[in-house]
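Engineer: Please build the complete structure, drawing on both the sequences and the hints.
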Amino acid sequence: MGETVFVTVGTTRFDALVAVVVSEGVCSTLASMGVSKLILQVGKSEIPARLGRQQNDENGSCKLGEVEVEWFRFAPGLDTYMSNSQYIISHAGSGSLFESLRLRKRVVAVVNDALMHNHQAELAEQLAREHAILCTVPSELQKTLQSADWTRIVPLGPGNSHRVVQGIDDLLGVRS
Amino acid sequence: MGDARLLCGAAQVGQSWLTTVGTTVVASLHAIWLVFRERPDVVLCNGPGTCVPIAGAVVLLNTLAIGRSKTRIVYIESVARVESLSLSGKILYPIADAFYVQWEKLLHRYPRALYVGRIFE
Chain E
-12 MGETVFVTVG TTRFDALVAV VVSEGVCSTL ASMGVSKLIL QVGKSEIPAR
38 LGRQQNDENG SCKLGEVEVE WFRFAPGLDT YMSNSQYIIS HAGSGSLFES
88 LRLRKRVVAV VNDALMHNHQ AELAEQLARE HAILCTVPSE LQKTLQSADW
138 TRIVPLGPGN SHRVVQGIDD LLGVRS
Chain W
2 MGDARLLCGA AQVGQSWLTT VGTTVVASLH AIWLVFRERP DVVLCNGPGT
52 CVPIAGAVVL LNTLAIGRSK TRIVYIESVA RVESLSLSGK ILYPIADAFY
102 VQWEKLLHRY PRALYVGRIF E
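Protein chains in written order, with my numbering: chain E, -12 to 163; chain W, 2 to 122.
Source of the hints: derived by calculation from the structure; they are not laboratory data.
One or more hints might be untrue.
[To be verified] With a straight-line Cα cutoff of 20 Å, these simulated EDC-like cross-link-like pairs (lysine to aspartate or glutamate) come out:
| hint | chain 1 | residue 1 | chain 2 | residue 2 |
| --- | --- | --- | --- | --- |
| 1 | E | K130 | E | D2 |
| 2 | W | K71 | W | D98 |
| 3 | W | K91 | E | E109 |
| 4 | E | K130 | E | E11 |
| 5 | E | K31 | E | D100 |
| 6 | E | K92 | W | E39 |
| 7 | E | K24 | E | E11 |
| 8 | W | K71 | E | D156 |
| 9 | E | K130 | E | E112 |
| 10 | E | K92 | E | D136 |
| 11 | W | K106 | E | E117 |
| 12 | W | K71 | W | E39 |
| 13 | E | K24 | E | E(-10) |
| 14 | E | K92 | E | D66 |
| 15 | E | K50 | E | D100 |
| 16 | E | K24 | E | E57 |
| 17 | W | K106 | E | E112 |
| 18 | W | K71 | E | D157 |
| 19 | W | K106 | E | E109 |
| 20 | E | K50 | E | E33 |
Structural biologist: If you want it as structure tokens, here you go:
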């Protein structure tokens, strides 16, 4: 059984990511990575023509080359989809990225370079600098996947609330 | 441990600017009422718009109610902010008694800030 990739665009739309993920180039790259299943959470994005004619506007499935594709717009929780994948290709939202990292998945953050003043890029780029994730834009996704060296990824350490708690205790003069 | 109080938010993501004025006014009034009624020792703020009316109410309370120990404002900037502050952060930066950031880079531009690293476990 092959690997599964889960793609998430968050609560809004990210047409460029959805379109490039199902493009021939990326699909063949995924297949060569041993991926047999691609699950797309597309939010409000446009459904690309490549996914064929749709039964409805909420979800669908098809096969692109060697890769089985399932897509849906929203789900109450994405935890199960993330847990059951080996790779997560995500918009650069902090919640999505940290959730994926918490689950110890291989993460590619895709920054929406069509957006003005996209501060989301700050976090994705910083996490990439720390080698916790890969960070790219839709037009570079195929190249990023092809040249990915997952052995260089360093798992992100856990957060620590002690320092802020101590700081607040000190401010209030509370002995902890 | 003290009590928590529910406060209506100032604005929703993607809300139009015009209706934001209305909801912010409502939130501000609610915040002023709540802060003056509860007279908290400390108000903990983070991220989106919600906290600005509350912080404003605290400043008002601290100015008007002489002779009581001041309510402190503690602000924790979002973990998503690595190089720049959110709008709420920029507004609260000069006001907060303690301004915490989760990424060290922010200290360059905001030397009053205190770096505490990522806080979510």
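Engineer: Indicate, hint by hint, whether the structure satisfies it.
Structural biologist: To see whether the hints hold, each was checked on the structure:
no. : hint                : result
1   : E:K130 with E:D2    : holds (19 Å)
2   : W:K71 with W:D98    : holds (10 Å)
3   : W:K91 with E:E109   : holds (17 Å)
4   : E:K130 with E:E11   : holds (13 Å)
5   : E:K31 with E:D100   : holds (18 Å)
6   : E:K92 with W:E39    : violated (45 Å)
7   : E:K24 with E:E11    : holds (15 Å)
8   : W:K71 with E:D156   : holds (16 Å)
9   : E:K130 with E:E112  : holds (17 Å)
10  : E:K92 with E:D136   : holds (14 Å)
11  : W:K106 with E:E117  : holds (13 Å)
12  : W:K71 with W:E39    : holds (13 Å)
13  : E:K24 with E:E(-10) : holds (7 Å)
14  : E:K92 with E:D66    : holds (12 Å)
15  : E:K50 with E:D100   : violated (29 Å)
16  : E:K24 with E:E57    : holds (8 Å)
17  : W:K106 with E:E112  : holds (13 Å)
18  : W:K71 with E:D157   : holds (16 Å)
19  : W:K106 with E:E109  : holds (11 Å)
20  : E:K50 with E:E33    : holds (18 Å)
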